[in-house]
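Novice: One letter stands for each residue in the lines below.
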Amino acid sequence: MADMLEVSGLTKRFGGLVAVNNVSFSVREKEILSVIGPNGAGKSTLFKLIASFLRPTSGEVRLKGERISNLAPHIAARKGVVRTFQETTIFKNMSVRDNVIIAHHLRSKASLVGFFLGTGTAKADEAAFGQSADEILALLGLASLAGETAHNLPHGHLRALGIAIGLATNPSILLLDEPFAGMNHDETMRMVAMVRRLRDLGLTILLVEHDMPAVMKISDRIVVLNFGQKIAEGTPPEIQANEKVIEAYLGSEDEAIGL
Amino acid sequence: MMLSVKIASVAVFLAIVFIAVPVLIAASGRTDLYYTLTSVALLSIASAGVWLTFYIGRINIGQGAYALMGGYVSAILVMNHGWSFWPTLPVAGLFCAAASVLIGLPILRLRGVYFAMVTLTLTEVARLLALALPITNGAKGIVSIPLPGALSVFGLTIIPDFATLQNPRLAFYLLAVTLMVVCFAVMYRLVHSRIGKLCQSLQQNEELASSIGVNIAYLRVIAYAVSSFFGGVAGAIFAAISQSIYPSSFTVTDSVNFMLNCFLGGLGYVFGPMLGTLVLYFGWDLLFQTGEFQLLIYSGLMIVLMLVLPNGLLSLALPSRKS
Ligand SMILES: Nc1ncnc2c1ncn2[C@@H]1O[C@H](COP(=O)(O)OP(=O)(O)O)[C@@H](O)[C@H]1O
Ligand SMILES: [Mg+2]
Chain A
1 MADMLEVSGL
11 TKRFGGLVAV
21 NNVSFSVREK
31 EILSVIGPNG
41 AGKSTLFKLI
51 ASFLRPTSGE
61 VRLKGERISN
71 LAPHIAARKG
81 VVRTFQETTI
91 FKNMSVRDNV
101 IIAHHLRSKA
111 SLVGFFLGTG
121 TAKADEAAFG
131 QSADEILALL
141 GLASLAGETA
151 HNLPHGHLRA
161 LGIAIGLATN
171 PSILLLDEPF
181 AGMNHDETMR
191 MVAMVRRLRD
201 LGLTILLVEH
211 DMPAVMKISD
221 RIVVLNFGQK
231 IAEGTPPEIQ
241 ANEKVIEAYL
251 GSEDEAIGL
Chain B
1 MMLSVKIASV
11 AVFLAIVFIA
21 VPVLIAASGR
31 TDLYYTLTSV
41 ALLSIASAGV
51 WLTFYIGRIN
61 IGQGAYALMG
71 GYVSAILVMN
81 HGWSFWPTLP
91 VAGLFCAAAS
101 VLIGLPILRL
111 RGVYFAMVTL
121 TLTEVARLLA
131 LALPITNGAK
141 GIVSIPLPGA
151 LSVFGLTIIP
161 DFATLQNPRL
171 AFYLLAVTLM
181 VVCFAVMYRL
191 VHSRIGKLCQ
201 SLQQNEELAS
211 SIGVNIAYLR
221 VIAYAVSSFF
231 GGVAGAIFAA
241 ISQSIYPSSF
251 TVTDSVNFML
261 NCFLGGLGYV
271 FGPMLGTLVL
281 YFGWDLLFQT
291 GEFQLLIYSG
301 LMIVLMLVLP
311 NGLLSLALPS
321 RKS
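Chains as they are written, first to last, in my numbering: chain A, 1 to 259; chain B, 1 to 323.
Because the hints were derived from the structure by calculation, they are not lab data.
One or more of the hints may lead you astray.
As the list claims (entries may be wrong) - Only pairs whose alpha carbons sit at most 30 Å apart, straight line, appear in this in silico DSSO-like list of lysine-lysine: (1) B:Lys197 - A:Lys123; (2) B:Lys197 - A:Lys48; (3) A:Lys64 - A:Lys30; (4) B:Lys197 - A:Lys79; (5) B:Lys6 - A:Lys123; (6) B:Lys6 - A:Lys92; (7) A:Lys92 - A:Lys64; (8) A:Lys92 - B:Lys197; (9) B:Lys197 - A:Lys109.
Please build the complete structure, drawing on both the sequences and the hints.
Specialist: So this is what it looks like as structure tokens:
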């Protein structure tokens with residue numbers, strides 16, 4: 001399968017600290033690749049580098065062969081790399097449906113002036129976004145909550161809304177930062193099923209996660225970071241058997257790596 | 001609201017400002033009220049600009065700077081370059097919009113109290129510049145500005161020469177409320193189109209907005225430029241009405257009042273700044289009788305109002321909007 005995203009020699013220094021150190025890997029089309037690692041390993045930083053929220057000290061990121069590092073975040077989003085956040089970030093005072101509609105912004109054909117004047121193109125955009133938003137909400141099981149103000153949603157649904165917002169941008173690759181954080185077992189299993197469904201629909205997904213059992217269940221492949229460096233890469237069984245990984249997690253409970 | 005209700009409210013509003021008010025003033029002979037109401041209309045235009053910056057999540061205490069700038073631009077064009085007043089109106093607005101783009105590019109990166117403090121300083125900087133620059137004529141200001149002349153398009157006189165009118169106060173009133181109506185119509189349309197949603201997305205979460213592809217820097221600058229345009233236009237008409245402009249014509253106090261007008265009317269409602277300006281302006285005047293206690297009572301009432309009605313006066317009349 002072709003590579004969707006290629007990370008090569010990516011490095012980020014914060015003063016003396018090397019948060020991400022010469023990391024290379026690639027994400028294949030239509031796979032779920034997870035990045036795991038102990039706290040402070042540099043996972044979130046890696047994500048921010050890929051989504052162009054941070055500029056790398058060195059190295060680069062390519063999407064379908066095109067260099068996307070060093071762009072502004074909204075340009076990276078336009079190229080197809082979209083990040084949903086670790087913190088449940090949504091537009092909390094908008095309705096659920098408006099959250100998803102506004103996320104279609106990238107696809108608008110009308111200009112700001114067009115929207116102001118209410119031109120035909122703008123009206124067509126509005127109609128198309130509304131329909132697409134309803135489809136996405138249905139897909140993520142949020143249809144019945146469409147009119148609800150976002151900040152009223154329970155935790156699990158908030159996370160789903162975050163993903164709905166990401167989907168609305170029609171990304172080539174969706175970056176999910178800790179999609180299972182703070183979820184109970186049932187919610188996690190539902191979310192796992194949902195992410196897999198998205199993959200089956202043709203989406204490429206890169207995710208960062210702490211919840212090892214979920215990672216082992218969901219991932220096609222896994223990359224392990226420790227102190228900013230990649231220490232392992234492979235399928236879930238390979239990672240579970242990897243000496244370096246076990247060492248990195250030493251001191252934590254065995255179940256932490258799904259053993 | 002249903003469409004027919006909306007149309008009816010707009011019609012009633014227009015009938016009040018364009019017919020009822022002039023008729024009542026003529027009947028009562030209180031022509032001084034024209035000046036008051038004209039001021040309210042103009043201040044509400046400047047406040048509408050401030051409201052728009054609130055709408056993208058920025059506390060703007062710098063509108064006085066643009067009102068002052070607009071006043072000087074119009075005055076200088078009329079006095080030094082022999083322009084008619086009318087073209088100076090849009091030019092003053094555009095000049096302020098352009099200046100605000102240059103100023104906004106660096107400062108709009110700031111948020112919260114940092115942006116607020118910088119904009120507060122801006123008003124003071126504008127005042128000091130007006131004092132110092134040769135073209136603004138220092139503390140003496142620019143005085144004896146002629147009243148607006150006639151405006152004709154294709155030989156047809158749309159607006160007569162104000163100097164020839166029996167009642168220029170009425171003319172200024174009609175000019176000010178017409179511009180106010182246009183200003184709020186534009187604001188209403190902005191807020192209820194996709195642009196309003198985009199502004200809200202900035203207010204609620206800039207990082208997420210940019211991760212879904214919104215060019216936040218661009219949108220912020222556009223909103224700030226529209227805001228400053230309104231400030232400049234209001235300032236230009238003020239200069240024309242008072243036929244003068246001084247460095248102290250708009251001060252930090254005015255900037256703060258523009259912001260308070262928005263708070264009082266309600267940050268969630270497009271028409272908030274209009275109501276807020278009306279109530280604040282008349283409230284301040286009514287309290288005049290309390291003499292030395294005026295400021296104390298005024299401040300006290302403001303605090304109570306904000307505690308009791310954190311979403312502004314309009315939250316009494318209108319249900320809070322869903323989004
Ligand atoms: N903006 C920043 N400035 C300085 N240090 C940072 C910054 N962001 C992250 N770090 C540091 O980089 C390291 C990696 O952090 P992070 O990427 O958040 O790790 P993870 O998500 O794996 O827990 C940590 O030591 C963190 O303190
Ligand atoms: Mg993290």
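Novice: The structure should be examined with respect to each hint, and the outcome stated for every one.
Specialist: Do the hints match the structure? See the list:
1. With a CA separation close to 15 Å, the supplied pair Lys197 (chain B) and Lys123 (chain A) stays within the 30 Å bound.
2. As the CA atoms of Lys197 (chain B) and Lys48 (chain A) are separated by approximately 26 Å, the hinted pair is consistent with the 30 Å bound.
3. The suggested pairing of Lys64 (chain A) with Lys30 (chain A) holds, with an alpha-carbon distance near 13 Å, which does not exceed 30 Å.
4. Between Lys197 (chain B) and Lys79 (chain A) the alpha-carbon distance is near 23 Å, which keeps this suggested pair within the 30 Å criterion.
5. For the hint linking Lys6 (chain B) to Lys123 (chain A), the alpha-carbon distance of about 21 Å falls within 30 Å, and the restraint holds.
6. Distance restraint check for Lys6 (chain B) and Lys92 (chain A): the Cα-Cα separation of roughly 28 Å lies within the 30 Å cut-off, and the hinted pair is therefore satisfied.
7. About 34 Å separates the Cα atoms of Lys92 (chain A) and Lys64 (chain A), which puts this hinted pair outside 30 Å; it is violated.
8. A C-alpha spacing of about 13 Å is found between Lys92 (chain A) and Lys197 (chain B), which places the hinted pair at or below 30 Å, so the restraint holds.
9. Proposed proximity of Lys197 (chain B) and Lys109 (chain A) is supported: the alpha carbons are some 16 Å apart, at most 30 Å.
In summary, the one numbered hint that this structure violates is 7.
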